[in-house]
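There are 2 protein chains.
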Amino acid sequence: MSVNKKILFSLGAMSAVVSACTADKQETSPNIILFMVDDMGWQDCSVEFWNQRTHYNEVFETPNMEHLAAMGKMFTQAYASSISSPSRCSLLTGANAARHRVTNWTLEKDKTTDAKSASLILPEWNVNGICQVAGINKTYQATTFVQILKDNGYHTIHCGKAHFGAIDTPGENPIHLGFEVNIAGHAAGGPASYLGETAYGNTPDGTHQSLFAIPGLEKYHGTDTFLTEALTIEALDALDKAKEYGQPFFLYMAHYAIHVPINKDMRFYQKYVDKGLSEKEAAYAALIEGMDKSLGDIMKWLEDNDEMDNTVILFMSDNGGLSCSSYWRDGELHTQNYPLNSGKGSAYEGGIREPMIVAWSGHVPPNTRCDEYVIIEDFFPTILEIAGIDDYRTIQPVDGKSFVPLMLDAGKNISKGRCLYWNCPNLWDGSGPGIGPTCSIRKDDWKMIYYYETGKKELFNIKDDISEQYDLSADNPHIVNKLSKKIGHFMRKVDAQRPSFVTTGEPCPWPDEL
Amino acid sequence: MSVNKKILFSLGAMSAVVSACTADKQETSPNIILFMVDDMGWQDCSVEFWNQRTHYNEVFETPNMEHLAAMGKMFTQAYASSISSPSRCSLLTGANAARHRVTNWTLEKDKTTDAKSASLILPEWNVNGICQVAGINKTYQATTFVQILKDNGYHTIHCGKAHFGAIDTPGENPIHLGFEVNIAGHAAGGPASYLGETAYGNTPDGTHQSLFAIPGLEKYHGTDTFLTEALTIEALDALDKAKEYGQPFFLYMAHYAIHVPINKDMRFYQKYVDKGLSEKEAAYAALIEGMDKSLGDIMKWLEDNDEMDNTVILFMSDNGGLSCSSYWRDGELHTQNYPLNSGKGSAYEGGIREPMIVAWSGHVPPNTRCDEYVIIEDFFPTILEIAGIDDYRTIQPVDGKSFVPLMLDAGKNISKGRCLYWNCPNLWDGSGPGIGPTCSIRKDDWKMIYYYETGKKELFNIKDDISEQYDLSADNPHIVNKLSKKIGHFMRKVDAQRPSFVTTGEPCPWPDEL
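Sequences listed follow chains A and B, in order.
Read the first sequence against the numbering used here and you will find it ends at 502, with the numbers running on by one and no gaps.
Read the second sequence against the numbering used here and you will find it ends at 502, with the numbers running on by one and no gaps.
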């Protein structure tokens, strides 16, 4: 039996009619799997996203990503925000982070996670995340694409990390945002532990436990089941159930991997030690391969259940690899995403460029690459277009553009001449190149980063200088001027936030006000 | 803090607008609690729903129902279907059972629960229950009032028995039908056990366990927590969380009590033995009082949290008390709902008349009674009217009428001249007076029952003869004729089902075809 035989678009308030049976629109809708990895850098795999093979491509082993890439298309310039919550909130809402104002990571209600600044007053951002209802303090209210999928007949499954809203706010629970199943998702953006032996950070009586303790996987407590594996088993069970329901499904497979703590996944760890990696690096490589095995297990389920031809798989990460912590990674700091500069939290490519692959049998040409850029909020309209849903309404404006034309090599190139924007008026709790209050723009080959505190503007030609080593701003004042205007216009349009100076209390200027 | 300070009606696809922020309609919406008891008869309490105090009112002790009745209004002629699934599907959809065709109890996918008939071919009813999506075999697709509440900003909590759809169909999970929280609800319509000591029917390895084993209460396994108490504790935890969210809440507190098995709730059992009741009757009385304690605990939560004034409480049962089983009840069969005739499964009042109370501080006059009749599908428009939601859309036609005017002693009397209809073309697996394939009508004081197999019509004046002892059909042919026409017209209009004769293969006539 095929899960997605017929999907009748009559469900949900939008398409329903008052007290009358509708002549249902009948369509064939594919299953959709969004395989989202956490904190995975652009080079954290054996798949070559650059035009050269790197050391990391040699070290890390991700055979299932290779398989997926052979089935479909690699996107080599896929962007997100440099931190988890901004990315995930953009993903679910289609709104740019400058608009939704969830610009740092969320956890506790009404509490900021910003580091302290001596010179800047940081803005009152949406520390409580996104929310499906109005009137909730410090949240961005939105209609998620998941809710729209549900309203149009999809069975919607959340597995893994949610991180959409703070504890005790409505957005903490993926169910409130349109998911019908929630496996282990809650407010926290990382796991207390990946180890079943430690009950994933839970304590026997539930007291004095970390806010990052993983909920809902009690049956694995005390076993040697690594969190990545437990989530995979639960996801496959949910797919078995989805098949019974006879609805098309949306699976958001959102691994906690490869976020810290970098616990050792002993299924793969020794292999990397034997390859000569240090303890930390072997643990990191094993965490990656465990994630990759999960991808393989899900693809096997699709094959075994004759659903591969009806399923779109989207692979993505939420921000760049962690490169500012010698506690977790070996090697020189800020080089772990080479050739990209810096890592998680940074406005440089190392913080925002993601490994992305899409596969859809019979639609996406196999073994292809797309070098056009896309950004995390593009998934919102893309997924709805894949689902065949063109008549939907949202509370919020959608900034994303569908990349279906890029997937299919059909229609208009959405990237040419397009401006991508980032806004981080915050102080993330890490430090390194490009980490701090900035806003940025990418337009064609150019990228400009603006530093709120100093007013400094950096201009890079990304095509020629992927490592962002050569600041060309001094030689190209007209481009800097043009990009400054673009940023200023966009930030004002979406009512973006910016820091203020402690000394004067005045807001930092927008880049076109300097 | 008050949970329901402000609720902004901007959420959900219906009221949202394409890519634009709405000027949200801002209202104060009350919390709503629907306290639904299972299989509770009209006399299974110390509250007097009849105009006389009965033996049962003396035996059973329900002080919290008495408190609720003093706070609000008793409805003395509140009806449901005579079986659980038809009632609950009407509740959630607002559709009469004749229309939704879930006319017997549901459990396993594509399997009927009808008993065998030698003389009748029973129709292919919706054995899979209700469903939120189209295209699912043998289901009735509908927009539930719960989904509408959720779409309009309510936090929606399900606790206890669901019984809306068969196993492995979408309707098995309350989350799919608009609930955001599901505590212990699934496809089954009764508990395998109320005893924590027996893990509520679950087996250690999950194999060979009853389909009625209660899900999701693992933390109480091996404890002496009676199911009724466990559900109450969990519901109060959910209310604590709702308070944090700052949304108004809808709590569907749907006890498994007082469905069989009539396990002994040892907190109350001995008291009834001491009062002289037999073992079975003492167990039954204890099961009732445990349910009543839960009502009291919830009312106490409302008081303690300063939410009583903002909360509407609706008390109801889904069908009449079980009276056809000497295995579970002592005394002469079919008398357990006295003065009503028969019980669960029957077209007589004992099968369909329910204990119902509503309370809403400042709105419903305290310590009052309403003798007008209402029916289970009326809860749908009533609850939405209470919530202040008047602009909603449903896939299905809504047969129910809001009883808000009756609650408030304001506006039009919805009952005067109104016809209520029941259709049961099935053979429930019990036997007794009025149990079998029938359809019925209530209009003002008259009630007519039509037996599909024999063509027999019984006519009662309910006001004069609440026990339905005096069939007045022979003396009132014009009334029989008129009511037969009403039934026939309604059943054809809603495309109701009826049995056929084995001998001829012809459908049984509608009452106006005889």
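It is possible that some hints are incorrect.
[Stated by the list, open to error] Below, simulated DSS-like cross-link-like pairs (lysine-lysine); rule was C-alpha separation at most 30 Å, straight line:
hint	chain 1	residue 1	chain 2	residue 2
1	A	Lys229	B	Lys431
2	B	Lys229	A	Lys229
3	A	Lys97	B	Lys229
4	B	Lys97	A	Lys207
5	A	Lys97	B	Lys431
6	B	Lys229	A	Lys99
7	B	Lys99	A	Lys229
8	A	Lys229	B	Lys451
9	B	Lys97	A	Lys229
10	B	Lys207	A	Lys207
Just so you know, the hints here were simulated from the structure itself, not pulled from any lab data.
Predicted model, so just to flag it, every value in this text is computed and none were measured.
Can the restraint linking Lys97/A and Lys431/B be considered satisfied, given a maximum Cα separation of 30 Å? 55 Å, violated
Please work out if Lys97/B and Lys207/A have their alpha carbons no farther apart than 30 Å. 27 Å, holds
Need the status of pair Lys97/B, Lys229/A: alpha-carbon distance at most 30 Å? Measuring from Cα to Cα gives roughly 13 Å; hence the hint holds.
Within 30 Å, alpha carbon to alpha carbon, are Lys207/B and Lys207/A? Answer holds: Lys207/B to Lys207/A is near 12 Å, not above 30 Å.
Need the status of pair Lys229/A, Lys451/B: alpha-carbon distance at most 30 Å? Not satisfied, since the Cα-Cα distance of roughly 51 Å exceeds 30 Å.
Lys99/B and Lys229/A: Cα distance at most 30 Å? 18 Å, holds
Pair hint Lys229/B and Lys229/A, alpha-carbon separation not exceeding 30 Å: 29 Å, holds
Please verify whether Lys229/A and Lys431/B have alpha carbons no more than 30 Å apart. 45 Å, violated
Quick one, are Lys97/A and Lys229/B close enough, alpha carbons at most 30 Å? Satisfied, since the Cα-Cα distance of roughly 13 Å is no more than 30 Å.
Keeping to a limit of 30 Å between CA atoms, is the pair of Lys229/B and Lys99/A held or broken? This hinted pair holds, its Cα atoms lying about 18 Å apart.
Checked against the numbered hints above, the structure breaks hints 1, 5, 8 and satisfies the rest.
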